[in-house]
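Numbered per the UniProt record's numbering, the sequence shown spans residues 1 to 76.
Hints were generated in silico from the structure; no laboratory data involved. Think of the CB as a built atom: it goes at the ideal place given N, C-alpha and C, for glycine as much as any other residue. Some hints here could point you the wrong way.
[Said to hold, decoys possible] Cross-link-like lysine-lysine pairs, in silico, DSS-like; alpha carbons within 27 Å at most:
#1 57 with 72
#2 33 with 15
#3 57 with 9
#4 57 with 15
#5 72 with 24
#6 24 with 9
#7 9 with 33
[Stated by the list, open to error] Derived Cβ-Cβ restraints for the label pairs, each shown as a range:
#8 33 with 6: 13 to 23 Å
#9 9 with 43: 11 to 21 Å
#10 36 with 58: 17 to 27 Å
#11 17 with 72: 31 to 41 Å
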Amino acid sequence: MVSFEPLRKLMENRKISTYFLRNKCGDYNLDSKTIQRLMNDESVSTNTIDALCQIFKCQVSDIIEILPDPEKGNNA
């Protein structure tokens with residue numbers, strides 16, 4: 001299961017709002033629906049993940065955390 005909790009913490013620490021992502025980062029095409037998906041830990045494209053890494057000047061591991069899926073158990 002993918003969690004964007006690290007992204008939310010990064011945004012909080014840098015005082016960056018979803019409004020900023022949506023309206024001030026237009027070059028990256030982050031629309032309201034995409035941002036809502038991030039806030040709800042839903043799937044997004046690799047292009048979105050790349051854009052976030054460019055905006056925050058960070059690595060993927062700084063914005064995404066992989067958690068065990070409770071519905072599938074801990075079997076890999």
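Practice task
Given the hint that residue 33 pairs with residue 15, test it: the Cα-Cα distance must not exceed 27 Å.
Solution key: Holds, at about 21 Å.
Exercise for the section: Return holds or violated for the Cβ distance of residue 17 and residue 72 against the range 31 to 41 Å. Expected result: Hint holds: Cβ distance 34 Å, inside 31 to 41 Å.
Exercise for the section: Verify the proposed pairing of residue 57 with residue 72, using a straight-line Cα cut of 27 Å. Expected result: Status violated; Cα separation ~34 Å.
Exercise for the section: Determine whether the Cβ-Cβ distance between residue 33 and residue 6 falls within the hinted range of 13 to 23 Å. Expected result: Cβ of residue 33 to Cβ of residue 6: about 21 Å, so the range 13 to 23 Å holds.
Handout entry: Proposed proximity, residue 24 with residue 72 (alpha carbon, max 27 Å)
Key = violated, 39 Å
Handout entry: Hint consistency between residue 24 and residue 9 [alpha-carbon to alpha-carbon, up to 27 Å]
Key = With Cα atoms ~19 Å apart, residue 24 and residue 9 stay inside 27 Å; holds.
Exercise for the section: Compare the distance between the alpha carbons of residue 57 and residue 15 with 27 Å, and conclude whether the hinted pair is satisfied. Expected result: Holds. Residue 57 to residue 15 sits at ~15 Å (cutoff 27 Å).
Problem - residue 36 paired with residue 58, Cβ distance criterion 17 to 27 Å - result: Hint holds: Cβ distance 21 Å, inside 17 to 27 Å.
Problem - residue 9 paired with residue 33 [C-alpha distance capped at 27 Å] - result: holds, 20 Å
Practice task
Kindly confirm whether 11 to 21 Å is satisfied by the beta carbon distance between residue 9 and residue 43.
Solution key: holds, 20 Å
Practice task
Given the hint that residue 57 pairs with residue 9, test it: the Cα-Cα distance must not exceed 27 Å.
Solution key: holds, 15 Å
Figure legend: structure checked against the earlier numbered hints; hints not met, in rising order: 1 and 5.
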